[in-house]
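Residues per chain are reported as follows:
Protein chains: 2
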Amino acid sequence: MDPYRPLDDDARALTRDVLAGATTAALGTLRDGAPMVTRAGCLWLPGQGLFMLLSDLSDHARALAVDPACSLLLGEAGARGDPLTHPRLTLMGRVEPADKPALRAAYLARRPKATVYYDFTDFRLLRLALGEALLNGGFGKAYRLTRADLDALA
Amino acid sequence: MDPYRPLDDDARALTRDVLAGATTAALGTLRDGAPMVTRAGCLWLPGQGLFMLLSDLSDHARALAVDPACSLLLGEAGARGDPLTHPRLTLMGRVEPADKPALRAAYLARRPKATVYYDFTDFRLLRLALGEALLNGGFGKAYRLTRADLDALA
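Sequence order for the protein chains is A and B.
In terms of my numbering, the first sequence has 49 at position 49, counting the first letter as 1, and numbering is strictly consecutive.
In terms of my numbering, the second sequence has 40 at position 40, counting the first letter as 1, and numbering is strictly consecutive.
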């Protein structure tokens, strides 16, 4: 049984909302081939992709330096209500280096607190090269998005 | 440079709080060897471990049926404040089958809404066989917990 619904405009709008609203992600990386989930700050720039500014000292940055495969869960559960009915988006792909100086203004306009450490040499800006995504809009509302679906959102 | 502090009683108490307070986890599994992070309900029973009740139809249950290695991030970011200063706990390990009938009363006492589907045959109760954990209590407050540290909490 395929639990996925066909993608529609409501699901596309919800995907865009979750991407635009995410300030952090649960970041899944591989450590010695096993999954490791940590929290990382993130920022979606429409038309440019999803970015993470990570310290080289962090466990996730170390893991990604060895294997760039990763997954991000966006959409924190709210303080109220059933967290399993809260919309969330699973992104799968790999990180690639981003142009940190070129993206400085756009990043800091949306994350002003990062001004303090953006230029530190041990902070690296990574972009998610997206593979596939899973949108879960609550019980019974699951969608699968291809790379093309995601590109069409921006 | 090792960014971890030595484990102390405050860090142990914080770990216990995060475990006891978690109703959901960001669950990292492997799909075709790549990380996939999804949201799953969870319940910590002191002295017995961390449990997840998963539908066989879900992506994470399918992934775990192939490879039981997983990681759970506990500690949802609050609605207020900087999410990267919010305490969170990364657990790493593997799932193993749990005794669903034997744990029914303890599980439903704490998760009464699950009464509706607990007995469905396509819902499976899994227990996390813990390896190691990482506690992040906010900026500069990172701790590494071994299996023995975690066992001593219960």
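Some clues are possibly wrong.
To be verified - Mimicking DSS-like on lysine-lysine, the simulated pairs with C-alpha atoms at most 30 Å apart in a straight line are:
1. B:K100 - A:K100
2. B:K113 - B:K100
3. A:K141 - B:K141
4. A:K113 - B:K113
5. B:K113 - A:K100
6. A:K113 - A:K100
Treat the hints as calculated values from the structure; they're not laboratory data.
Hint by hint, here is what the structure shows:
no., hint, result
1, B:K100 - A:K100, "violated, 50 Å"
2, B:K113 - B:K100, "holds, 16 Å"
3, A:K141 - B:K141, "violated, 38 Å"
4, A:K113 - B:K113, "violated, 40 Å"
5, B:K113 - A:K100, "violated, 47 Å"
6, A:K113 - A:K100, "holds, 16 Å"
Hint violations for this structure: numbers 1, 3, 4, 5, all remaining hints satisfied.
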